[in-house]
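These are the residues of each chain, in order.
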Amino acid sequence: MTVTPPRLTALDALHRSLGATMTDFAGWDMPLRYASERDEHNAVRTKAGLFDLSHMGEITVTGPAAADLLNHALVGNIGSVGVGRARYTMICREDGGILDDLIVYRLGETEAPEYLVVANAGNAQVVLDALTERAAGFDAEVRDDRDAYALIAVQGPDSPAILKSVTDADLDGLKYYAGLPGTVAGVDALIARTGYTGEDGFELFVAPADAEKLWQALTEAGAPYGLIPCGLSCRDTLRLEAGMPLYGHELTTALTPFDAGLGRVVKFEKTSHGDDFVGHDALVAAAARAETAPPRKLVGLIAEGRRVPRAGMSVVAGGQVIGEVTSGAPSPTLGKPIAIAYVDAAHAEPGTAGVGVDIRGTHEPYEVVALPFYKRQK
Amino acid sequence: MSNPQQLRYSKEHEWLSAVEDGVATIGITEHAANALGDIVFAQLPEVGDTVTAGESCGELESTKSVSDLYSPVTGEVVEANQDVVDDPALVNSAPFEGGWLFKVRVSEEPKDLLTADEYTEFSGS
Numbered sequence: 025m026t027v028t029p030p031r032l033t034a035l036d037a038l039h040r041s042l043g044a045t046m047t048d049f050a051g052w053d054m055p056l057r058y059a060s061e062r063d064e065h066n067a068v069r070t071k072a073g074l075f076d077l078s079h080m081g082e083i084t085v086t087g088p089a090a091a092d093l094l095n096h097a098l099v100g101n102i103g104s105v106g107v108g109r110a111r112y113t114m115i116c117r118e119d120g121g122i123l124d125d126l127i128v129y130r131l132g133e134t135e136a137p138e139y140l141v142v143a144n145a146g147n148a149q150v151v152l153d154a155l156t157e158r159a160a161g162f163d164a165e166v167r168d169d170r171d172a173y174a175l176i177a178v179q180g181p182d183s184p185a186i187l188k189s190v191t192d193a194d195l196d197g198l199k200y201y202a203g204l205p206g207t208v209a210g211v212d213a214l215i216a217r218t219g220y221t222g223e224d225g226f227e228l229f230v231a232p233a234d235a236e237k238l239w240q241a242l243t244e245a246g247a248p249y250g251l252i253p254c255g256l257s258c259r260d261t262l263r264l265e266a267g268m269p270l271y272g273h274e275l276t277t278a279l280t281p282f283d284a285g286l287g288r289v290v291k292f293e294k295t296s297h298g299d300d301f302v303g304h305d306a307l308v309a310a311a312a313r314a315e316t317a318p319p320r321k322l323v324g325l326i327a328e329g330r331r332v333p334r335a336g337m338s339v340v341a342g343g344q345v346i347g348e349v350t351s352g353a354p355s356p357t358l359g360k361p362i363a364i365a366y367v368d369a370a371h372a373e374p375g376t377a378g379v380g381v382d383i384r385g386t387h388e389p390y391e392v393v394a395l396p397f398y399k400r401q402k
Numbered sequence: 148m149s150n151p152q153q154l155r156y157s158k159e160h161e162w163l164s165a166v167e168d169g170v171a172t173i174g175i176t177e178h179a180a181n182a183l184g185d186i187v188f189a190q191l192p193e194v195g196d197t198v199t200a201g202e203s204c205g206e207l208e209s210t211k212s213v214s215d216l217y218s219p220v221t222g223e224v225v226e227a228n229q230d231v232v233d234d235p236a237l238v239n240s241a242p243f244e245g246g247w248l249f250k251v252r253v254s255e256e257p258k259d260l261l262t263a264d265e266y267t268e269f270s271g272s
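So the sequence lines, in the order shown, correspond to chains A and B. Counting in this note's numbering, the first sequence runs from 25 upward without gaps. Counting in this note's numbering, the second sequence runs from 148 upward without gaps.
Rather than coming from a laboratory, the hints here were simulated on the basis of the structure. Be a bit skeptical, because a hint or two may be false.
[Said to hold, decoys possible] Okay, derived cross-link-like pairs now, DSSO-like style, lysine-lysine, Cα gap no bigger than 27 Å in a straight line: (1) A:LYS291 / A:LYS321; (2) A:LYS399 / B:LYS211; (3) B:LYS211 / A:LYS71; (4) A:LYS399 / A:LYS291; (5) B:LYS158 / B:LYS258; (6) A:LYS188 / A:LYS199; (7) A:LYS188 / A:LYS399; (8) A:LYS360 / B:LYS158; (9) A:LYS402 / A:LYS71; (10) A:LYS237 / A:LYS71; (11) A:LYS321 / B:LYS211; (12) A:LYS402 / A:LYS199.
[What the hints assert, rightly or not] Some but not every residue of chain A turned toward chain B, in silico, with C-beta under 10 Å: (13) LEU56; (14) SER60; (15) ARG62; (16) LYS199; (17) THR261; (18) ARG263; (19) ALA266; (20) ARG330; (21) ARG331; (22) VAL332; (23) GLY336; (24) PRO354; (25) PRO361.
[As the list claims (entries may be wrong)] Reference listing, derived: stretches of chain B covered by chain A, where coverage requires no fewer than 3 residues with Cβ under 8 Å from a Cβ of chain A: (26) 161-171; (27) 206-213.
C-beta atoms are modelled at their ideal positions from N, C-alpha and C, and glycine is treated no differently.
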């Protein structure tokens with residue numbers, strides 16, 4: 025038996041000195057929480073939180089045909105992404121099944137196209153392999169940059185003020201889903217206005233050697249605002265409240281983007297390779313199926329009681345199994361247990377009566393709602 | 148953290164107070180509370196229930212998971228901590244005090260309960 029030691033981020037020693045409870049996540053030893061995950065969750069909703077997300081998988085695509093390659097390899101129209109902008113997209117198999125969901129940042133100018141593809145930690149190798157294979161015949165280079173970046177996120181309503189105090193970059197001009205190179209606390213960074221919390225916030229891609237300096241600077245700058253370090257546990261409840269899918273839960277190879285209610289990420293009209301992208305034919309069929317006879321729909325469930333639904337539990341109505349929970353947790357913002365679940369279309373309308381979750385043999389009543397559970401005031 | 152000397156402990160991470168007038172108070176240790184994370188729901192045994200040493204008698208639900216609650220002794224439940232039912236976070240903030248879970252009229256207690264020092268060594272904290 026081969027035992028692979030966990031991968032450590034550049035901030036590992038710092039997390040331990042902060043007393044973090046660590047957890048294995050996709051082969052990485054990551055902070056689960058530092059103290060109370062509920063306090064961390066609430067800090068992000070009301071003030072700000074600081075995350076180490078260095079487990080995310082960065083892949084750089086460069087070359088004259090970089091956009092063509094990405095249009096061919098991914099389901100989105102990456103050719104239409106402007107310099108300094110980002111796009112949420114997916115990479116699918118030939119049969120339409122989702123290999124991963126991604127954010128693609130367009131970095132380089134038109135003369136020297138450069139894209140940063142950010143994959144989930146658990147899928148980074150799969151995405152890298154697929155992009156490399158799909159690059160055959162394109163004048164483009166796919167580079168594994170997983171070790172080239174540490175990723176630190178500052179998220180929450182006070183994150184713009186905190187970041188402004190340590191950078192001269194034009195944050196006011198930086199829109200949601202945009203990214204620009206800049207200097208933060210004396211460190212070269214790609215500053216992206218993206219996140220996975222449902223709040224305003226930033227993700228900072230930096231060299232691993234600079235990660236600790238940046239973390240400390242943000243900790244100091246954030247202290248007057250109540251910024252605290254946050255672990256993956258609250259990241260999960262934050263994204264769950266915001267109705268954001270998590271690969272391996274709401275998204276799998278068994279589902280197409282249309283099955284997951286995310287058909288909007290698939291662009292059949294592209295600037296190049298419109299009908300020649302991987303998964304095209306299967307996705308055309310999936311789009312038609314979703315239009316006429318959707319099998320199941322992704323919905324939100326809010327508990328009437330206090331027992332917490334978990335991934336894999338059955339959703340029931342009238343004694344029949346009508347769906348499955350994909351993610352569930354106690355919601356700090358709502359003060360009630362919540363879940364995301366795939367349920368039969370007949371029971372998917374918000375307000376559908378008589379729906380419950382089978383929690384260890386007891387059918388606990390749940391209210392069907394539209395996602396998300398939480399939307400920030402802008 | 149330190150485990151109070153006057154309590155005894157099970158390997159399932161429950162603590163048991165000294166028995167007074169046949170009744171002992173039961174809770175989970177700080178080590179267990181920390182390992183669970185924020186506790187959001189406590190299903191405790193009800194007054195009159197018979198609990199058996201080493202058997203599940205309730206559950207504690209935290210952000211990430213649900214865990215069975217075991218009784219370290221056999222006996223009849225004479226009180227459940229309503230404060231914990233109303234505010235399960237008490238188990239995190241004061242596991243050895245206000246976060247106690249239930250009281251049992253003890254009919255039988257196992258011989259292998261641990262002392263504070265033994266439990267500290269067993270749990271590593």
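Going down the list of hints, with the structure as the test:
1. A:LYS291 / A:LYS321: holds, 21 Å
2. A:LYS399 / B:LYS211: Judged against 27 Å, a Cα distance of about 23 Å means the pair holds.
3. B:LYS211 / A:LYS71: Holds, because 23 Å separates the two Cα atoms, which is no more than 27 Å.
4. A:LYS399 / A:LYS291: holds, 26 Å
5. B:LYS158 / B:LYS258: Since the Cα atoms of B:LYS158 and B:LYS258 sit roughly 12 Å apart, the hinted pair holds (cutoff 27 Å).
6. A:LYS188 / A:LYS199: Answer holds: A:LYS188 to A:LYS199 is near 14 Å, not above 27 Å.
7. A:LYS188 / A:LYS399: holds, 24 Å
8. A:LYS360 / B:LYS158: violated, 32 Å
9. A:LYS402 / A:LYS71: Measuring from Cα to Cα gives roughly 15 Å; hence the hint holds.
10. A:LYS237 / A:LYS71: This hinted pair holds, its Cα atoms lying about 22 Å apart.
11. A:LYS321 / B:LYS211: Holds: A:LYS321 and B:LYS211 sit about 25 Å apart, inside 27 Å.
12. A:LYS402 / A:LYS199: The hint holds at about 13 Å.
13. LEU56: holds, 8 Å
14. SER60: holds, 5 Å
15. ARG62: holds, 5 Å
16. LYS199: violated, 33 Å
17. THR261: It holds, given that the least Cβ distance between A:THR261 and chain B is near 7 Å, below 10 Å.
18. ARG263: violated, 13 Å
19. ALA266: violated, 16 Å
20. ARG330: With a closest approach of 5 Å, the A:ARG330 hint holds.
21. ARG331: holds, 6 Å
22. VAL332: holds, 5 Å
23. GLY336: violated, 13 Å
24. PRO354: Holds: closest Cβ of chain B sits about 4 Å from A:PRO354, inside 10 Å.
25. PRO361: holds, 8 Å
26. 161-171: violated (count 0)
27. 206-213: holds (count 5)
Hints 8, 16, 18, 19, 23 and 26 from the list above are not met by this structure, while the remaining hints are.
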